[in-house]
Amino acid sequence: MRKSKLLILFLLGMFFLAFQVVERALFSVPKNWPKPAYDFKKNPLSKEKILLGRVLFYDPILSQDNSISCASCHSVYTAFTHVDHNLSHGINDRIGTRNSPALMNLAWHKNFMWDGAINHLDMQALAPISHPDEMGENIQQVVEKLNASTLYKQLFFAAYQDSLATGENTLKAISQFMLTLVSSNSKYDSVMRGTSKFTEQEKSGYVLFKKNCSACHAEPLFTNLEFRNNGLPIDTNLKDFGRMRITQNASDSLKFKVPTLRNLEFSYPYMHDGRFKKLKDVLYHYTHLVQTEPNLDKELKTPIQLDSKQQTDLTAFLLTLTDKSFLFNKDFAYPREILKSN
Amino acid sequence: MYWVQTKFRVVMLLFFALTSSVSIAQVTTQISIFPRWHDQSLQANTWLPLVQTDSIQITQLRFYVSNLSLFYKGRKVWSEPNSFHLLDLLEPSSFNLSLQLPQNIEYDALQFNVGIDSATSVSGAMGGDLDPTKGMYWTWQSGYINFKLEALTARQNQELVYHIGGYQAPYNTLQEIQVRFEPNSDAKIYLQLDKFFEDMDCSKINHVMSPNASAMQLARLLPNLFLIGK
Numbered sequence: 198m199r200k201s202k203l204l205i206l207f208l209l210g211m212f213f214l215a216f217q218v219v220e221r222a223l224f225s226v227p228k229n230w231p232k233p234a235y236d237f238k239k240n241p242l243s244k245e246k247i248l249l250g251r252v253l254f255y256d257p258i259l260s261q262d263n264s265i266s267c268a269s270c271h272s273v274y275t276a277f278t279h280v281d282h283n284l285s286h287g288i289n290d291r292i293g294t295r296n297s298p299a300l301m302n303l304a305w306h307k308n309f310m311w312d313g314a315i316n317h318l319d320m321q322a323l324a325p326i327s328h329p330d331e332m333g334e335n336i337q338q339v340v341e342k343l344n345a346s347t348l349y350k351q352l353f354f355a356a357y358q359d360s361l362a363t364g365e366n367t368l369k370a371i372s373q374f375m376l377t378l379v380s381s382n383s384k385y386d387s388v389m390r391g392t393s394k395f396t397e398q399e400k401s402g403y404v405l406f407k408k409n410c411s412a413c414h415a416e417p418l419f420t421n422l423e424f425r426n427n428g429l430p431i432d433t434n435l436k437d438f439g440r441m442r443i444t445q446n447a448s449d450s451l452k453f454k455v456p457t458l459r460n461l462e463f464s465y466p467y468m469h470d471g472r473f474k475k476l477k478d479v480l481y482h483y484t485h486l487v488q489t490e491p492n493l494d495k496e497l498k499t500p501i502q503l504d505s506k507q508q509t510d511l512t513a514f515l516l517t518l519t520d521k522s523f524l525f526n527k528d529f530a531y532p533r534e535i536l537k538s539n
Numbered sequence: 503m504y505w506v507q508t509k510f511r512v513v514m515l516l517f518f519a520l521t522s523s524v525s526i527a528q529v530t531t532q533i534s535i536f537p538r539w540h541d542q543s544l545q546a547n548t549w550l551p552l553v554q555t556d557s558i559q560i561t562q563l564r565f566y567v568s569n570l571s572l573f574y575k576g577r578k579v580w581s582e583p584n585s586f587h588l589l590d591l592l593e594p595s596s597f598n599l600s601l602q603l604p605q606n607i608e609y610d611a612l613q614f615n616v617g618i619d620s621a622t623s624v625s626g627a628m629g630g631d632l633d634p635t636k637g638m639y640w641t642w643q644s645g646y647i648n649f650k651l652e653a654l655t656a657r658q659n660q661e662l663v664y665h666i667g668g669y670q671a672p673y674n675t676l677q678e679i680q681v682r683f684e685p686n687s688d689a690k691i692y693l694q695l696d697k698f699f700e701d702m703d704c705s706k707i708n709h710v711m712s713p714n715a716s717a718m719q720l721a722r723l724l725p726n727l728f729l730i731g732k
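For the record, the sequence lines run as chains A and B.
Counting from 198, one number per residue, gives the positions in the first sequence under this note's numbering.
Counting from 503, one number per residue, gives the positions in the second sequence under this note's numbering.
Note that these hints are calculated values from the structure, not bench results.
Hints may be right or wrong, so weigh each one.
Said to hold, decoys possible - Dumping the calculated DSS-like pairs for lysine-lysine here, alpha-carbon to alpha-carbon at most 25 angstroms:
hint: 1; chain 1: A; residue 1: Lys239; chain 2: B; residue 2: Lys636
hint: 2; chain 1: A; residue 1: Lys228; chain 2: A; residue 2: Lys521
hint: 3; chain 1: A; residue 1: Lys350; chain 2: B; residue 2: Lys636
hint: 4; chain 1: A; residue 1: Lys436; chain 2: A; residue 2: Lys495
hint: 5; chain 1: A; residue 1: Lys342; chain 2: A; residue 2: Lys495
hint: 6; chain 1: B; residue 1: Lys690; chain 2: A; residue 2: Lys342
hint: 7; chain 1: A; residue 1: Lys408; chain 2: A; residue 2: Lys228
hint: 8; chain 1: A; residue 1: Lys244; chain 2: A; residue 2: Lys537
hint: 9; chain 1: A; residue 1: Lys521; chain 2: A; residue 2: Lys498
Unchecked claim - Some residues of chain A that are not near chain B, with every Cβ distance over 12 angstroms (derived):
hint: 10; residue: Tyr235
hint: 11; residue: Asp290
hint: 12; residue: Phe309
hint: 13; residue: Val339
hint: 14; residue: Gln351
hint: 15; residue: Thr367
hint: 16; residue: Asn409
Glycine included, each C-beta is placed from N, C-alpha and C at the ideal position.
Sequences and hints are given; from them, build the entire structure.
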């Protein structure tokens, strides 16, 4: 009698466990969010491919001298950017020309980089892998190194039922991991879902945000994914004209991709070249320093006016975009159990 | 009830018979492209006469042939599914394209693109000849190199690097090529590379490595290089 009760309990337990496993989807669109731009049908997610992508993301094998990984400039604890570095660092201590962007909610992006040079998430990793100031490697060489590694033979087999690494499979696995980096659990999100409430200060900040910022930093991604000239004076050393380099169209001069504001508490420094260390520097730029270039964004033609109380309120709202469950998600962390020797 | 099942079986049998007969009636047809320099076959890494005064060595010639289709009397009669071929002068067999054609198909023209179309260019990572490890994908700015030609000139001792690509207006460098031949004759297509240097001054344009006006100018030369062979 007791045995059969135990058996029933055991079976019930298994039943619920199985359900839980099924319920934890690998990717889901948060409520009221737009449809992702990424075509998942061409690269269906699996646990094994995401893991392979995560290992690749953290493995310096992608760089020429095995010293730099994606995570070197995109650290999980700082919303996948390089904290306290205005410009990205590469192999042999070389310095790039741009601030590494924070990585999150990439499934919704149609193009990548500050100037939109990359047209698909799958192709994004090729740029830092190949850039002489970043990983200084090339994808042919990376694939050769992966095919010489017992660890990767196992990981590729688990992911693709084929131990042979190819450029396609390598890049798609990295995409899979990046696609899972969804940040949608900030205080702002719980307020929108009705499970939490803004303070008076945050509420006032939200009103100011909608009036002054949301034309470009549109909810719920907090970017409209477009390229805009936000009136920054050009850095005469870097001479970076942004989007114009890609389109070769003068009207795109000094336009850069609007970055998301999610997790901005952790993703400093700010702007494409990381010129501003503090949020208050950013607000000072928008209220006092906007340059009136010919193709300055129309939203900025009339200067934004915020007194010091309003700036404090706006900042309080912006801090509600911090998503601790994203920043401290174990699924995104260094795969210690696999890359133990590194 | 029984006769319904039997009827269904007969229909299924007929269906299988039909589909299998269709799949049997395929023939492999070889279409070859012959890289040429004037009236000779083009050799890599050997000195060739250039204009009147100089010589040239072709060190690299790689390009994509895609979206192959056949025409008969102006109508499209066949198009190759998933049609992407990387041709490489250093791998001569890549210039022989094996096409799976339906039996008894009549055709008098072949059409293809040199390069990769814009829809494919924005579709993410792909395998086979489109795998980025093939060295035909730009890394700093997304897009395939449609036509890659590298060479050296003797007298001016100049390195020529032409990486012609770009899939977006105004620099969409994809080129459509059509060659006509005697109905159902063995298609023998010449790639007359010397013509590339006829209408272009390589001492002026010597490095093209991004989608721009020069890339466009060079891309427009490409259709003239493909001729029906004798």
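Hints and how they fare:
1. Lys239(A) - Lys636(B): It holds: about 21 angstroms lies between the C-alpha atoms, which stays within 25 angstroms.
2. Lys228(A) - Lys521(A): Cα-Cα ~19 angstroms, so holds.
3. Lys350(A) - Lys636(B): Given pair Lys350(A), Lys636(B) holds - Cα atoms ~21 angstroms apart, limit 25 angstroms.
4. Lys436(A) - Lys495(A): With Cα atoms ~23 angstroms apart, Lys436(A) and Lys495(A) stay inside 25 angstroms; holds.
5. Lys342(A) - Lys495(A): The given pair, whose Cα atoms are some 49 angstroms apart, is violated under the 25 angstroms limit.
6. Lys690(B) - Lys342(A): Since the Cα atoms of Lys690(B) and Lys342(A) sit roughly 41 angstroms apart, the hinted pair is violated (cutoff 25 angstroms).
7. Lys408(A) - Lys228(A): holds, 24 angstroms
8. Lys244(A) - Lys537(A): holds, 20 angstroms
9. Lys521(A) - Lys498(A): Violated - the C-alpha atoms of Lys498(A) and Lys521(A) are around 36 angstroms apart, more than 25 angstroms.
10. Tyr235: Given a closest Cβ separation of 8 angstroms, the condition is violated.
11. Asp290: holds, 21 angstroms
12. Phe309: violated, 9 angstroms
13. Val339: violated, 8 angstroms
14. Gln351: holds, 21 angstroms
15. Thr367: violated, 8 angstroms
16. Asn409: Holds, because the least Cβ-Cβ distance between Asn409(A) and chain B comes to about 33 angstroms, which exceeds 12 angstroms.
Violated hints for the displayed structure, listed by number in ascending order: 5, 6, 9, 10, 12, 13, 15.
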